[in-house]
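S.K.: Counting from 4, one number per residue, gives the positions in the sequence shown under the numbering used here.
Errors might be hidden in some of the hints.
The calculated label-pair distances, taken between Cβ atoms and stated as ranges, are [unchecked claim]: (1) 127 x 36: 14 to 24 Å; (2) 94 x 143: 30 to 40 Å; (3) 33 x 74: 35 to 45 Å; (4) 131 x 277: 37 to 47 Å; (5) 21 x 123: 16 to 26 Å; (6) 195 x 27: 28 to 38 Å.
If you are wondering where the hints come from, they were derived from the structure by calculation, not from laboratory data. Bear in mind that the values here come from a model prediction, so they are computed numbers and not experimental data. Ideal Cβ positions, reconstructed from N, Cα and C, are used throughout, including at glycine.
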Amino acid sequence: VLSGVLSPYCDRIVNLARNTALEYPDLHPKTLPFVQDLIDAGANVAREMVTTTAASNNDAESADDYYLMLTNSDICLTEHFYTSLNEKFLFSTSKGNKALTINRMTIPIVQLPDIEDGASVEVVHDAAMELLDQAKTVYNGYKYKYHPGMDCFVAHSSVWDMVQFGDMFLGFPPFDWHIQLALQIMEPTYKEIVSNSAGTFHLGDERSWAHHSERMFPSDLFGPTEVIFELLESCPRMFNPPIDRNTLQNGIKCGELFRPPIEPDTAPGFVRPGYEDVYEEAFLSRRGKVGDYHKVFPACLQKSRTLLPCRRGVPHFLQNPRRRYKEQLLARLGGTHRALRG
Numbered sequence: 004v005l006s007g008v009l010s011p012y013c014d015r016i017v018n019l020a021r022n023t024a025l026e027y028p029d030l031h032p033k034t035l036p037f038v039q040d041l042i043d044a045g046a047n048v049a050r051e052m053v054t055t056t057a058a059s060n061n062d063a064e065s066a067d068d069y070y071l072m073l074t075n076s077d078i079c080l081t082e083h084f085y086t087s088l089n090e091k092f093l094f095s096t097s098k099g100n101k102a103l104t105i106n107r108m109t110i111p112i113v114q115l116p117d118i119e120d121g122a123s124v125e126v127v128h129d130a131a132m133e134l135l136d137q138a139k140t141v142y143n144g145y146k147y148k149y150h151p152g153m154d155c156f157v158a159h160s161s162v163w164d165m166v167q168f169g170d171m172f173l174g175f176p177p178f179d180w181h182i183q184l185a186l187q188i189m190e191p192t193y194k195e196i197v198s199n200s201a202g203t204f205h206l207g208d209e210r211s212w213a214h215h216s217e218r219m220f221p222s223d224l225f226g227p228t229e230v231i232f233e234l235l236e237s238c239p240r241m242f243n244p245p246i247d248r249n250t251l252q253n254g255i256k257c258g259e260l261f262r263p264p265i266e267p268d269t270a271p272g273f274v275r276p277g278y279e280d281v282y283e284e285a286f287l288s289r290r291g292k293v294g295d296y297h298k299v300f301p302a303c304l305q306k307s308r309t310l311l312p313c314r315r316g317v318p319h320f321l322q323n324p325r326r327r328y329k330e331q332l333l334a335r336l337g338g339t340h341r342a343l344r345g
């Protein structure tokens with residue numbers, strides 16, 4: 004059904020084999036995609052398109068030379084988005100940016116169109132166009148709100164090839180900040196683009212992920228509590244204990260990717276094998292120059308079990324904050340668990 008709805012708007016539709024409902028049936032009422040599966044699907048389509056074009060031009064070297072954008076399905080683009088992106092950032096006269104994150108504008112909804120249940124695709128399309136006209140009036144009049152969140156990622160194929168995101172999924176924190184973190188670490192030309200009238204926008208700001216809090220969730224669905232805490236510590240931007248089982252599962256998967264490597268001369272899991280030297284060079288050459296968390300990231304990595312939480316470049320791994328974090332986590336973990344120590 005969804006393919007039929009999307010086909011008028013999409014050149015290619017890919018059905019993903021995995022989703023959270025299949026992988027974690029005890030945790031997820033929603034069907035959500037995994038970040039890496041989306042990137043792989045997009046890369047496969049892009050390589051096929053670029054290869055076809057390169058073959059017709061007798062240019063085999065450009066077959067793996069493309070940019071791939073990952074964004075949430077409810078993020079809209081302004082009519083000047085691609086022109087601005089290409090001219091100001093990707094292909095500017097100076098050194099272009101090979102990795103970008105774009106912060107959206109938040110557009111207040113002036114008036115929601117009245118759509119009856121079971122309305123046709125044509126009726127829904129017309130209603131969407133009406134909303135877009137409202138949005139255009141707002142952002143052209145600079146009446147939008149700035150938004151700090153990450154929901155649009157653009158990177159060259161060579162950058163996506165260096166990173167991997169395991170089993171982190173969309174829809175719940177902290178996947179967004181950690182895609183941004185990986186791109187910023189691995190690509191020296193990374194740039195964050197703040198909300199602007201030639202960028203992206205979102206209608207309203209319901210923050211639905213923040214309204215799924217649960218008082219408690221059973222730890223026996225996730226593993227030993229000591230292991231849970233250690234992995235959450237290794238998730239760089241999991242500042243507070245998760246408020247629901249979806250965020251907890253994503254935080255655990257994030258920790259598996261970002262926890263400090265055990266063996267020397269290795270890299271965390273988000274670095275794809277073969278690119279460890281790029282990861283090491285990123286810190287040797289840019290230590291203290293990438294701002295905020297990255298100023299202390301190498302030091303945090305060496306701390307292992309005192310890795311997080313880190314905030315605004317200052318590592319908060321003193322005993323009292325760690326104890327409070329553990330207490331808050333234990334208050335939300337029901338079912339069976341072992342007491343945390345330290």
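S.K.: List in ascending order the numbers of the hints, as given earlier, that are violated by the structure.
M.R.: Structure breaks hints 2, 3 and 5.
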